[in-house]
Amino acid sequence: MKPKTVTSQGNGFFLKNLLKVLIDEEGGVSVKIKGAEILLRALSDEGVDTIFGYPGGVVLDIFDEIYKSKFKHILVRHEQGAAHAADGYARASGKVGVCLVTSGPGATNTVTGIATAYMDSIPIVVFTGQVATPLLGSDAFQEADITGITRPCTKHNFIVRKVEDLARTVKEALYIARSGRPGPVLVDIPKDVSQAMTEYHESGPPKAPAHDPIYVPDVTALNEALRMIKQAKKPVVMVGGGVILGKASQELREFIEKVQIPVTHTLMGIGAFPGTDPLSLGMPGMHGTYYANMALTQCDLLINIGARFDDRVTGKLDEFAKNAKIIHIDIDAASINKNVIVDLPIVSDCKSALQQLNKMLLQNHFTIPEKDRKAWTQQIDEWKEYAPLSYCAGEKIKPQCVIETIYKLTKGDAIIATEVGQNQMWAAQFYKFNHPNTFLSSGGLGTMGYGFPAAIGAQIAFPDKTVVDIAGDGSIQMNIQELATAVVYNIPVKICILNNGFLGMVRQWQEIFYERRYSHTNISQIPDFVKLAEAYGAVGLRATKPEEMEAILEKGLNTPGPVIMDIHVEPEEGVYPMVRPGSPISDMDLGR
Amino acid sequence: MEVKRHTIKLVVNNKPDVLARIAGVFSARGFNIESISANVTMDPNVTKIRIVTMGDTSTVTKIQNQLKKLVDVLSVSHVRESKQGQREMILMQVKLTDKNRNDVMKAIDELQCKIVTRKSDYCILEATGSEEELEILVQRFDSLGIEDLSRSGVVAL
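Protein chains in written order, with our numbering: chain A, 1 to 592; chain B, 1 to 157.
Hints listed in this document are in silico derivations from the structure and should not be mistaken for laboratory results.
If you're wondering where the values come from, they're calculated on a predicted model, not measured in any experiment.
Hints may be right or wrong, so weigh each one.
Computed list of lysine-lysine pairs in DSSO-like fashion (alpha-carbon distance at most 30 angstroms, straight line) [unchecked claim]:
{"hint": "1", "chain 1": "A", "residue 1": "K316", "chain 2": "B", "residue 2": "K68"}
{"hint": "2", "chain 1": "A", "residue 1": "K338", "chain 2": "A", "residue 2": "K95"}
{"hint": "3", "chain 1": "A", "residue 1": "K338", "chain 2": "B", "residue 2": "K4"}
Computed beta-carbon distance windows for the label pairs [as the list claims (entries may be wrong)]:
{"hint": "4", "chain 1": "B", "residue 1": "S27", "chain 2": "A", "residue 2": "S93", "range": "31 to 37 angstroms"}
{"hint": "5", "chain 1": "A", "residue 1": "S93", "chain 2": "B", "residue 2": "N45", "range": "34 to 40 angstroms"}
{"hint": "6", "chain 1": "A", "residue 1": "D145", "chain 2": "B", "residue 2": "M89", "range": "30 to 36 angstroms"}
{"hint": "7", "chain 1": "A", "residue 1": "S138", "chain 2": "B", "residue 2": "N14", "range": "24 to 30 angstroms"}
{"hint": "8", "chain 1": "A", "residue 1": "E224", "chain 2": "B", "residue 2": "S143", "range": "55 to 61 angstroms"}
{"hint": "9", "chain 1": "B", "residue 1": "M89", "chain 2": "A", "residue 2": "K359", "range": "52 to 58 angstroms"}
{"hint": "10", "chain 1": "A", "residue 1": "G204", "chain 2": "B", "residue 2": "T128", "range": "56 to 62 angstroms"}
{"hint": "11", "chain 1": "B", "residue 1": "A28", "chain 2": "A", "residue 2": "S138", "range": "55 to 61 angstroms"}
One-sided excerpt, in silico: chain B residues whose CB lies under 10 angstroms from chain A [claimed, not checked]:
{"hint": "12", "residue": "S58"}
{"hint": "13", "residue": "K68"}
{"hint": "14", "residue": "V71"}
Every residue, glycine too, gets a C-beta built ideally from N, C-alpha and C.
One chain only, chain B, in its complex shape (with noise of 0.2 angstroms):
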């Protein structure tokens, strides 16, 4: 079976609790929650919820449909392959030495990331785009010195 990258929309009522058991389904199979990202709706009652997984279909199929179970859960679906509407938000600190300090620029500049803080010896940078573009960054600023970086999780509709 072909183990590749999953997302899983939930729509669920947001309580103190249900995380945890959304997280249990996970753990319980063995699972790995490669990235999660909530945010309450509209509706304060409700809370969206996006995870990241890697599987095979099969398997996550399953998954869904033990979520689906869970009382706090509205509703499950799974986010179709085609990116769009799929981002992703990172911020880096990058290290500025009089060496690498034109490459770094001239990276800011082609990649389209935003300077949230300049200092002397480093900056933090942010950026958003799908997850592909965001790796591509980070192999891009990774040769010139990341020092630290944080990502959102993806967010979708």
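Just chain A, with the same shape it has in the complex (with noise of 0.2 angstroms):
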């Protein structure tokens, strides 16, 4: 006997879309529901309740189910700034940033921003909208091969061919995101699957059985590791965006005040361990410290915990850390090994292997062998002492001074976005950040145009934090149409535009390797910021004095709403120290 089939039309108020409601023999009831709908109960039941998103034809069914729910949605003006909204979002809460956007133009204008989270390994989910499977393959209308063109830049990536599979995809999606080395998902789902029915059911544990990530360090190695600390007598800790994504920065500083041996972080490390704590080396690298890149160059132990040894951060790779062993912790097995070769692997994420590691310091009676380091911390203080992070005062606003005052108007407590460039660099420098998920910056990728949208998700994850995007006059143009978002949701994020009229950081690169030819980095400090800020409907504020420059910031900060703070800086300031591309990190250009 077949199961009767009644349509009902909604009971009223609290179900508006057509329901099929089955009755089988026994009499038990279930309920068909619409992909779209399904879509957003399997978000919901996963925990997320915020979307960055922008419409489109074949999304409209999920669309229509938004307006019917209670999602918190953030209508964005162009879709990379959803896909940068949700890395943000990601960044600074530690949760997963999803976005939703529509096919063709709609997916690849979200390229850019899943690749940017690629690099860094920042969990998204990217839902896209995609034509009806009949029209797959035919060049139909908005039609595009996302689930292609993303292959090479998503962790994973899925094309939901049937209603069936949709709960569980969504599911597998957030689970291979967030889970061992976390990274971005794309879930393409075409507009006949959002439409069709099925029943709803929570679907059990995802399934990769052969993804579950190693989550228990091997012991032997560790012991081997101990061993080695004991004995170094020039050790340097470097940590990297994993310890962050990790969750293990309360286990970073446990093990670094046990073992007292000075800490580099790299881009992706900055506020893993205390900016302020006297250990701190700050960042290595092409635009590193004097003293970090000293200290990489001469140590004798070297222990990487959660960072790739980019290139950016090595130099030229036969000249790093060469006399040291180097003990390298990370979640990913094809990153140990991959630039450099290492002495003692350990595949782990970052808080199993120091919480073992803080154990067994615990459990040996470990004590620091002052006599042996003595001379290694005189060494590193004389260094420190040699050549700080420093910048001449002038007649002009210098950018460092004006990161430095932000730092401390915000009293080192707010979360900082930045573009790319000398801004970004210049924030890392002389921001001094001591929390986690507060430095949001594209550091793999480099994409100008991540900080304004990357501000504006993380202020939806704290909307009572000072949130904070130090920009440049090249990249804040390049994702501006966000203005509108921040003003129509009341988004308070601050703007600093450090404006040089300059794509400053190529304009640096051909003032020391083209002979000052600046071929097409001039921008002549167009358009006028205050006015564009106002047209959108915020606040715009500009210095262009060294002593009217704090109380603009000031007052930017403390005016509610977005605010642009339009600052003229000295335009051909440069970002120093610096290493030359291919050189050895211990060969850098001082700047003065």
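The task is to assemble the complex, starting from two chains supplied on their own in separate frames and drawing on the hints.
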């Protein structure tokens, strides 16, 4: 006997959509709902409550469900902004960021945001609409093979061909994004799948059997690490984004407290260890501190915790930490021995490895071999004294001073997003970050236009915190349209533009390597950012003289709602120290 | 670093895009796939793929590590250099003329090839063996006149 099908026209206020209620022979009731609703239910069951997105033809059914639901959807003004905002949300909150866009151009517009998240291992899930399955491959209107396009820049991607697979795919996508070495996942949903009806069941645990990451470090290797730490006379710890992504900042601090080894952090590792701690060496690499680079060059033991030996950090590989034994703790086995051959590989997430190390230090009654380390400590102090991060005051506003002033005014407690270039490096050098998840920057891909939408995402996660985007006059124009988003939702991000009228970092390279031939890097302080802010309905402020800078920053930071602070800085200021590409990191131009 | 031939064996989910993902790992690093063979296993959800590539050991290890990260890849292994259990099949169309006919027949006999088709002016031969054995075969018949050939790629257990 066939089950009776009853079609009910929704139940008044709560069930506006058409429900097919099936009553089977036993009298059980099964409710079929649309794929679009299943998507939202599955997201909700995974704890997602915020989506950054932009509607379009093939996602109309999903947006219709959003209209009826309690989901917080932030309408951006360009899909790239949605991807970066989801990324900023993820970096600041440690949760998975989610965005939703339409097919074709909507999907391709997210690619830069996806690649940005991929390079920095940020967990985001991008849902893209797709043309209906019968049209796939027919060059239909707004069709793009987005799973093909994003294959090299996602951790994994899916196209959902049957509505029955949707709920499980959502669950697996979020799991893959956040587990192990995190990364972006894309889920492509054809229009007929979001329109099709089926029952919704919360799925069981996600299936990715070969990909359950290793969370248990090898104890023998950790013992060996302890032995190496005890013997080292000139040890250095280098921490990377893995410590922040692995939520291991507290364990790192305990570890360093016990072993008293100086710590350098990569750009992605900023905030993992307090920047104000006497043991902090700041950032290494191309624009790293003199003392971090010298310490890495001369150390006899390098403990890399969750960093991937990026070329901007290592400089010339043959000269990098060449006299050191190297320990590398990383959740991603493929990152170990990729660029730098190490002596002791430890495949583990940073949290488990550090917890275990801390336990072993306690059990072994570890004492710091102060006598052996004395010379090293003195040497590092000498380096710090010889070349601290510095700049010279002048007639014009110095960008480094702007960062220091923001640090002072926010008491080091703000979430700082950056664009890419000089603004990014000065922010990394002169703002002292004491907390993880407070520095949001596109490290791997180096995406101009990242900072502002990322700041919006972070502010959505933390409505009460001060969120500042340190921008350049070039970068900010790459996603300036999101000012509308900030104004409409009253997202009080403060944008500080270090306005030098140049694409500053490229100009700096032209100055140093191309005999000051400033080919296409002069962007002439256009537009008028104060008027631009006002045109969008935001507040615009400007400072052009050193004596008015602090007052303008203070006013801007204390003004409610989104604010642009257009700070006209010394046009030809450079970022120093600087290591030439391909040179050893000990070979630095200190800019003096 | 010594560049040599490596055979990588993968066990993967039987899905439409899995081959593209695997190929991407090779192409992103500028590695050529010398030969590839794939077949569904006893379990219809699982496919076995063998890939032969040229490279130094360290780079091939890095490629294996990257392959292991693919969500649809269940296992990756490096097939040992001892060629046991590694076989390949070849089909060759060899020209037949009054001049070479005897030599071709002699070679077929000596190298234990199977004649699939025989026409007055050509024959199609089938043989299996290790890569090296098939190389010897190709060299021998090349001097007699190969018109076309096709190789299966390495099959390994």
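To see whether the hints hold, each was checked on the structure:
Only pairs whose Cα atoms come within 30 angstroms are accepted, and K316(A) paired with K68(B) is accepted, the gap being roughly 29 angstroms. A distance of roughly 28 angstroms separates the Cα atoms of K338(A) and K95(A); the hinted pair therefore holds under the 30 angstroms criterion. Proposed proximity of K338(A) and K4(B) is supported: the alpha carbons are some 20 angstroms apart, at most 30 angstroms. S27(B) and S93(A) have their C-beta atoms about 36 angstroms apart, which keeps the hinted 31 to 37 angstroms range intact.
Evaluation of the 34 to 40 angstroms hint for S93(A) and N45(B) yields a pass: the beta carbon distance comes to about 37 angstroms. Checked against the hint of 30 to 36 angstroms, the pair D145(A) and M89(B) passes, with Cβ atoms roughly 34 angstroms apart. A beta carbon spacing of about 25 angstroms between S138(A) and N14(B) agrees with the range 24 to 30 angstroms that was offered as a hint. Separation of E224(A) from S143(B) is about 59 angstroms and conforms to the stated range, judged on CB atoms against 55 to 61 angstroms.
Distance hint check for M89(B) and K359(A): the Cβ-Cβ separation is about 57 angstroms, which falls inside the suggested range of 52 to 58 angstroms. At about 45 angstroms, the CB distance of G204(A) to T128(B) disagrees with the hint of 56 to 62 angstroms. For the pair A28(B) and S138(A), the beta carbons lie near 29 angstroms from each other, so the given range of 55 to 61 angstroms is not met. Taking 10 angstroms as the C-beta cut-off, the interface hint given for S58(B) holds, the closest approach to chain A being about 8 angstroms.
Interface hint at K68(B): satisfied, since its Cβ lies 7 angstroms from the closest Cβ of chain A, which is below the 10 angstroms cut-off. The beta carbon of V71(B) is positioned within 10 angstroms of a beta carbon in chain A (closest approach about 4 angstroms), and the interface hint is therefore held.
Hint compliance for this structure: hints 10, 11 are not met, and every other hint is.
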